Amino acid sequence: MKISKEEVLHVAKLARLNLTQEETQRLMADMESIIGFADKLNELDTDGVVPTAHAIPMQNAFREDEIKESYPREEILKNAPSTDGDGFLIPKVVE
Amino acid sequence: MDIYQLTAHEIRDMIKEKKISSKEATQSALARIHAVEDKVESYVTVLEEEALAQAEAIDANIASGEAGALAGVPMALKDNMCTKGILTTCSSKMLYNFKPPYNATVTEKLLEAGTVLLGKVNMDEFAMGSSTETSHFKKTKNPYDITKVPGGSSGGSAACVAADEAYFSLGSDTGGSIRQPASLCGCVGMKPTYGSVSRYGLIAFASSLDQIGPLAKDVTDCAMVLNQIAGHDPKDSTSVNIQHPDFEKALTGDIKGLKIGVPKEYFGAGISGDVSAAVHAALDNMKAEGAQYTDMSLPLNEYALPAYYMISSAEASSNLARFDGVKYGFRAEKFDDLIDLYCQTRSEGFGAEVKRRIMIGTYALSSGYYDAYYKKAQQVRTMIMNDFTKAFETYDVLVTPASPTTAFGIGEKTSDPLQMYMADICTVSVNIGGLPAIVIPCGYDASGLPIGIQIIGKPFDEATVLNAAFALEKTITKVKPNL
Amino acid sequence: MKYETVIGLEVHAELATKTKIFCGCKNEFGGEPNTRCCPVCTGMPGTLPVLNKAVVDYAIKAGLATNCTITKYGKQDRKNYFYPDLPKAYQISQFDLPLCQNGYVEIDVNGEKRRIGITRIHIEEDAGKLIHDDYGNESMADYNRCGVPLIEIVSEPDLRSPEEARIYLETLKSILEYTEVSDCKMQEGSLRCDVNLSIRPVGQEEFGTRCEMKNVNSFRAAVRAMEYEQKRQAEILDEGGVVEQETRRWDDVRGVSTPMRSKEDAQDYRYFPEPDLVPIVVSDEWVEEIRKTIPELPEERKARYVNEYSLPEYDAFILTSSKKMADFFDAAVKEGAKPKPVSNWLMGDISKILNDKELEPGDIPFTPAQLAKMIALIEKGTISNSAAKKVLDAMFAQPDDPEKLVEKLGLAQVSDEGAILEMVNGVLAQNPQSIADYKAGKDKALGFLVGQVMRISKGKANPQIINKLLKDALDKA
Chain A
0 MKISKEEVLH VAKLARLNLT QEETQRLMAD MESIIGFADK LNELDTDGVV
50 PTAHAIPMQN AFREDEIKES YPREEILKNA PSTDGDGFLI PKVVE
Chain B
0 MDIYQLTAHE IRDMIKEKKI SSKEATQSAL ARIHAVEDKV ESYVTVLEEE
50 ALAQAEAIDA NIASGEAGAL AGVPMALKDN MCTKGILTTC SSKMLYNFKP
100 PYNATVTEKL LEAGTVLLGK VNMDEFAMGS STETSHFKKT KNPYDITKVP
150 GGSSGGSAAC VAADEAYFSL GSDTGGSIRQ PASLCGCVGM KPTYGSVSRY
200 GLIAFASSLD QIGPLAKDVT DCAMVLNQIA GHDPKDSTSV NIQHPDFEKA
250 LTGDIKGLKI GVPKEYFGAG ISGDVSAAVH AALDNMKAEG AQYTDMSLPL
300 NEYALPAYYM ISSAEASSNL ARFDGVKYGF RAEKFDDLID LYCQTRSEGF
350 GAEVKRRIMI GTYALSSGYY DAYYKKAQQV RTMIMNDFTK AFETYDVLVT
400 PASPTTAFGI GEKTSDPLQM YMADICTVSV NIGGLPAIVI PCGYDASGLP
450 IGIQIIGKPF DEATVLNAAF ALEKTITKVK PNL
Chain C
0 MKYETVIGLE VHAELATKTK IFCGCKNEFG GEPNTRCCPV CTGMPGTLPV
50 LNKAVVDYAI KAGLATNCTI TKYGKQDRKN YFYPDLPKAY QISQFDLPLC
100 QNGYVEIDVN GEKRRIGITR IHIEEDAGKL IHDDYGNESM ADYNRCGVPL
150 IEIVSEPDLR SPEEARIYLE TLKSILEYTE VSDCKMQEGS LRCDVNLSIR
200 PVGQEEFGTR CEMKNVNSFR AAVRAMEYEQ KRQAEILDEG GVVEQETRRW
250 DDVRGVSTPM RSKEDAQDYR YFPEPDLVPI VVSDEWVEEI RKTIPELPEE
300 RKARYVNEYS LPEYDAFILT SSKKMADFFD AAVKEGAKPK PVSNWLMGDI
350 SKILNDKELE PGDIPFTPAQ LAKMIALIEK GTISNSAAKK VLDAMFAQPD
400 DPEKLVEKLG LAQVSDEGAI LEMVNGVLAQ NPQSIADYKA GKDKALGFLV
450 GQVMRISKGK ANPQIINKLL KDALDKA
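Residue numbers (numbering that gives the first Met the number 0), protein chains in the order written: chain A, 0 to 94; chain B, 0 to 482; chain C, 0 to 476.
Hint data in this document are derived by calculation from the structure and do not stem from the laboratory.
Fair warning: there could be bad hints in the mix.
Said to hold, decoys possible - In silico BS3-like pairs for lysine-lysine, Cα to Cα no more than 27 Å straight-line: (1) C:K184 x A:K67; (2) B:K98 x A:K1; (3) C:K74 x B:K374; (4) A:K39 x B:K15; (5) C:K71 x B:K374; (6) C:K25 x B:K98.
What the hints assert, rightly or not - Stretch-level coverage of chain B by chain C, calculated; a stretch enters the list once three of its residues show a Cβ under 8 Å from a Cβ in chain C: (7) 54-67; (8) 194-201; (9) 259-267; (10) 461-473.
As the list claims (entries may be wrong) - To give a feel for the contact side, a few chain C residues facing chain B, derived at Cβ under 8 Å: (11) Y89; (12) I91; (13) R269.
None of the values given here were measured: they were computed from a predicted structure.
Just so it is clear, CB atoms sit at the ideal spot from N, CA and C, and this is done for glycine as well.
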């Protein structure tokens, strides 16, 4: 599996990563070898095999519709890199 | 013998019998940390004052007769388990200052049981690695040879127990992150069945594979800790609602008639001769105890590692998307706008290995590749699980090496990610299958480095796995590291 | 060229559960920013979602009320994208196994029944809000709305005009309101929709290229946006151009839409099964249990009004389009009032006052019993219709027993024949010309004389008695 520079940059954009020239080069090689390793899976015929999301069969884990107290706002905001005490501050979003 | 050298169950019993106080046990562990931490570097955060205060409080509780099952036993938690008001970093720059406003369920349970939290221990960044070298803060050393890695990702959890810097610890295991470091550091580590221990408050790497488990000085400690942390948690939808037996009581040491399968695929190329020999010697010991073992085959084993890397990286790419400099943790200083804030923060906050996995996972989920990689891996997962199910129709447990080699040198495998990934070759299929597995030391190589053996069980049959390990443990002479 | 418009709608409805979808925080509109939050709904590391069972119940209910098949094995998926109103950077939604599929809603377009297909209904979590005002070159994220449960109802492209779409939306709204799946408070954004619209030359079978419109915050805005869009696309085609597939943003103030992003940089949401949640397996018993809780739906209620109460089809439609209105109607009738007058008051003056005050039927401050009593007072002749309007105003201002209000406002009608006769005689004595006009066959004169008596009585004299006494007197004169 050949991974092009454009592909690396496209995936980085999806993942919100800025890559240096060097990182891009390195990732091209690394992804090529790791994805190439994963291509081994194609040796197996999986036609009609149901994909497994959980190794242990599970279903219907629910919560009752009962109110629990919310956290104090200062606890929610305590770890925020930028806050005015009301919310999380971010650079202006143009919608 | 110093107090710090005792096992956790010995400490528990002595405290209960009022032979020592929790404060003494805690002081001894802290003294040991002072003595060897320079060399081992297993802790990210040591909670000296807090631990002493907690120990004193527990001693008071014991005096008034209100003590939990593990009252007074000092322990350490991997730094990806949330501790209320206490740094929880995942050994990442991204969370260098994160103090969660809540406890993980395991934290809560261990505190309720009366344990004393000595500190938070080092790990590969976001649990991605097999050597604890990807930690942003420090490189933890193998107590048996400080030029070697302790394994990973729970390298701090394994090293601190091996070095007697904690009586036990918790680690998390996504593809071998408890068992491989346990093997390399000569301690006992167990990954329970997926769904046995709540993941609430465990900072996720790969949600469908992650599971918390103990790292301990012996099998009894392991069973004792598992008794406390296992059980249904309504906060974790994937936590299973079944009653578990008393694991400690299950340790009878009687393995007469135990049917052991030995999958030949685990003894192929890449497995060192020392390891193979030690595992076979251990099997003979078990046979001498009345078990019977048979060579058998798990033909799909070689597909477990590629399937694992696709599934775990895909889930990680999504789980780690929330780290963006808005709500908690690190935020880049310079950025042009919102998108640049995201990109800069994530580029500066994550290390190379984490970025590599995010890239692979994003790729595997992206439009056009989902079926070829992610879905394919989930289908292969089904096939591997079927392999296991079939094997367990014949065998009670499966026995394999825990790591292809003993501890490797620091820096030895950092340049080639694939070579590093191979360190998990013996452990990942267990996560793919959601099975319980324990690793205990079964010998030492020529240079005195520990060799681990892995015992894999049926889903929710931890009791059999623990008892098999307990029986084997009695036949092994353990050697403490010389620090 | 003549074109046919093809519309499909994606309606998001906030569910009326007590708590959020994955945590126990209150599901309530508004509040100080970030005060209805916990580590789960703000996506803090290590936290896990646990599905609120009521969310599944409500979604199934909505599915049954729209004739859907309920999926026996459903799952939830992650939709991955970065945006500051989405703290986990993924939305938990449903991708390929939604809870409900293949239903329909019957709508009434100018007396003609049309069946609009429902492709699917799935559950998902709402995102937070970004606040831009007062923050200069920054924005502020408020996560109170994060994790509010939503259902997304996706229609087939079966709608052929903005008007049809509006009727569909109104019908859907009343179904959701009737089943109490959503409180449908439009001004709080508990019902929102995205519009997909394309046009094609009349007679052409394949669909044209569609555009999606976002930020449509009310049904009125939806209709305007659709009218704008069909015109825009027609103009492009008429000029020989090609409609681009794109997502557009509706600006209701300016009345125009602008492109948000084109197909080329379409989002790649990287959906995959949510590993923190487990499959939802719905048994037949569960479905039947929920089916039992579905109340009479608007269509059935409408039919009942026409058949039982002989209300005109139009009255029945208006009354039943709001559940609260219909409930009010039923309650007033149960109190003994005749259906038609109740309907008249509700559709007339009461609706007008609600409109003027920007209130909804649920906000009527007085009780159905009070309305029934007011109508009884009219029928007994205690008050006139015009006095009743004043009583109604008073009931809106400060709800009270209508009888007391009549007394307080001095609105009781004079029905004492002797007193009225005195007034009649006085008026006749002063208006000989009108008597002559009446005799000459000018009917208008009678009206004038009635008005004069009414004026003297300050509007309180019973008009029927005035009429009768005047006629008697005139015939004798």
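Open item on the list: For a C-alpha distance cap of 27 Å, please report whether C:K184 and A:K67 respect it.
Closed with: 24 Å, holds
- [ ] Sort out whether B:K374 lies within 27 Å of C:K71, counting only the CA atoms.
- [x] 22 Å, holds
Open item on the list: For the segment 259-267 of chain B, count the residues whose Cβ lies under 8 Å from any Cβ of chain C; is that count three or more?
Closed with: violated (count 0)
Open item on the list: Between the alpha carbons of A:K39 and B:K15, is the straight-line distance 27 Å or under?
Closed with: 55 Å, violated
Task: Interface hint for C:Y89, Cβ within 8 Å of any Cβ on chain B - done: 6 Å, holds
Task: Holds or violated: B:K98 to A:K1, with C-alpha atoms at most 27 Å apart - done: Violated. B:K98 to A:K1 sits at ~42 Å, over the 27 Å cutoff.
- [ ] With chain B as the partner, please determine if C:R269 meets the hint condition of a C-beta pair closer than 8 Å.
- [x] 4 Å, holds
TODO: Answer holds if the nearest beta-carbon of chain B is closer than 8 Å to that of C:I91; otherwise answer violated.
DONE: 11 Å, violated
Task: Claimed coverage, the segment 194-201 of chain B by chain C - three or more beta carbons nearer than 8 Å - done: Since 4 is at least three, the answer is holds.
TODO: For the pair we were handed, C:K74 and B:K374, check the Cα-Cα distance against 27 Å.
DONE: Given that 27 Å is the threshold and the Cα spacing comes to 15 Å, the pair holds.
Open item on the list: Hinted pair, alpha-carbon criterion (27 Å max): C:K25, B:K98. Please report holds or violated.
Closed with: Holds - the C-alpha atoms of B:K98 and C:K25 are around 25 Å apart, at most 27 Å.
Open item on the list: When I compare C-beta atoms, does the segment 54-67 of chain B have three or more residues closer than 8 Å to chain C?
Closed with: violated (count 0)
When the structure is compared with the earlier hints, violations turn up for hints 2, 4, 7, 9, 10 and 12 and for no others.
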